[in-house]
Amino acid sequence: MPENKFEVTEEYLDPQSMLELSMPGGASKLSVRQKLILKCRRAMRMRDTEKKGSSSTDPVQSQYSLSLSSAEDKKRGFFGSVQDVLRKYMRFVGPGLMVSVAYMDPGNYATDVSAGASNEFSLLCIVLVSNIIAIFLQSLCIKLGSVTGLDLSRACKKHLPKWLNLTIYVFAECAIIATDVAEVIGTAVALNILLRIPLPAGVVITCIDVLFVLIAYKPGSSSMRFVRMFEYAVALLVFGVVICFCVELAYIPKTPVGHIFRGFVPSKQMFEHNGMYTATSILGATVMPHSLFLGSGLVQPRLLEYDVDHGYYDLLAEEDEDNVIEETEDTHSAVKEKEDIEVIRERRYFNYQPTNSAIKYAMKYSIFELAITLFTFALFVNSAILIVAGATLYGSEEAVDADLYTIHSLLSKNLAPIAGTVFMLALLFSGQSAGIVCTIAGQIVCEGHLDWNFKPWKRRLITRGISIIPCLIISLTIGRSALSKALNASQVVLSILLPFLVAPLIFFTCKKSIMKVKVNNKDKLNAPTVIGEEEQPDEYIDMSNNWITTIIAFLVWIFISLLNVYTIVQLGISHGDIS
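Just so it is clear: in the sequence shown, position 406 is 406 by full-length UniProt numbering, and no numbers are missing.
Derived by calculation from the structure, the hints in this document are not laboratory data. Here a beta-carbon is modelled for each residue, glycine too, at the ideal position from N, C-alpha and C. A couple of the hints might just be wrong.
[Unchecked claim] In silico lysine-lysine, PhoX-like type, Cα no more than 20 Å apart, as pairs:
{"id": "1", "residue 1": "518", "residue 2": "158"}
{"id": "2", "residue 1": "516", "residue 2": "158"}
{"id": "3", "residue 1": "512", "residue 2": "157"}
{"id": "4", "residue 1": "157", "residue 2": "511"}
{"id": "5", "residue 1": "360", "residue 2": "254"}
{"id": "6", "residue 1": "157", "residue 2": "516"}
{"id": "7", "residue 1": "158", "residue 2": "511"}
{"id": "8", "residue 1": "516", "residue 2": "364"}
{"id": "9", "residue 1": "162", "residue 2": "511"}
{"id": "10", "residue 1": "413", "residue 2": "254"}
{"id": "11", "residue 1": "158", "residue 2": "512"}
[As the list claims (entries may be wrong)] For each label pair, taking beta carbons as the anchor points, the in silico distance ranges come out as:
{"id": "12", "residue 1": "519", "residue 2": "570", "range": "45 to 53 Å"}
{"id": "13", "residue 1": "450", "residue 2": "132", "range": "30 to 38 Å"}
{"id": "14", "residue 1": "476", "residue 2": "272", "range": "36 to 44 Å"}
{"id": "15", "residue 1": "507", "residue 2": "539", "range": "23 to 31 Å"}
{"id": "16", "residue 1": "200", "residue 2": "93", "range": "33 to 41 Å"}
{"id": "17", "residue 1": "561", "residue 2": "162", "range": "23 to 31 Å"}
{"id": "18", "residue 1": "253", "residue 2": "405", "range": "18 to 26 Å"}
{"id": "19", "residue 1": "93", "residue 2": "196", "range": "31 to 39 Å"}
Could you build the full structure based on these sequences and the hints that come with them?
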């Protein structure tokens, strides 16, 4: 039968069926197929009759109906396209929220409060510039992860000399530890103020509550549910932070909106009260080194999902699966089989190279999702902290170099007791979300740079211990009096390390031999091979940075380096130490 049911004619009914149909009660003797053919014939004739009638009766009405139908089709097509784009965009929501946590972690709180207290709203433009730089660098991270299938740490291991790879690993691990120090201190202080939990106990609680990440986070799984579970958990915490600062903004004194928004435009006021030193501190606290590894390592799961769904890649290759079956038949151990399959999937995940189709499908949406998230959530939270401080604490000498305890006290006294509590609640949410994200970043760094043959859960436990132990030592030995010094020191360390970790990212994305993708890579797995057909040579497309992006990347690196050097020099001149 033809695919279009309206193309059926009487020739599809054999003569015997036509004879039976013409006799009384003949229709009941036809088979189901013959009845369907007859029904299609009648529907076809009725449609043709309606067309002839409409065209012969009123041509003006017919033309009007056609134009109306065409307009409705165009309208439906437009909204349908928008709906398809939004539906596709929602599939990519998640990584941007996780990356945004790095730009509103506890290290930003003291810096933004100090900026608002010393320069009111004038340094909002620095917050905006920092977010623009963050979006640019994260776009390069997405590009590297999408085109090569490698995060920044694995790219260093694959393409750099061993000594340089290990050097960058040391820098990256120091950045993870410094970031973790800020996260743990912020969370421990929030727990101490809100629930009166001692600081060492708060550190232990902070360390324990992210251990489930080490066990449950499986980016190489054949299902996206594990990845999305963490994205949803972090998203809830981010929304909690946003809600808290919406409440904070509701309590600030009445301030002209125009006066606040003028802060996003550079002015002379931003140079007052050592404003440039504060500005560089904002930049150093906003553009976090560990976010580079995180951003380049969160894009692969969606690329992998696309290639697996379309038959371009298999996490459990046929030969590996056979080996697992043979081994488990010898050992008769279901647990052994499960562990081996997990190891194979992880190895296949680490060796995954996205196809050109997957890159075209995912990369633009990933960058778009990231830009929207950073321009909304991260920019809003950092701006809100500065606005609350500028509207409430501007001119207060006590607030300029205040620690987290002093900030809570000042907000409770100058705004309302609930304002200080809500600020600490936001700090707790930020610390928790940043702890989860920093744990994943630490896992990416260790597993990418080093050749470890441990089981995945053992390897992740070691990576977490590397960063937890220094935090616990700091909280037990220096106590509350020196927490502010430790927090400031962590931000200085991050500022020093940032240029060294941005450099390989720019190098990789500019190198043509690394940023190339096969064009003719659409052949599916297990596709039949035609005997005698000549195998076409591989063709590649260059996805490295163009000259404009390269120049911008180089200027950004110079800008970050100079500002960070300036920060360190000013810190030494002004304070003589890291306090």
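*Can you list which hints this structure breaks, lowest number first?*
Violated hint: only 5; rest satisfied.
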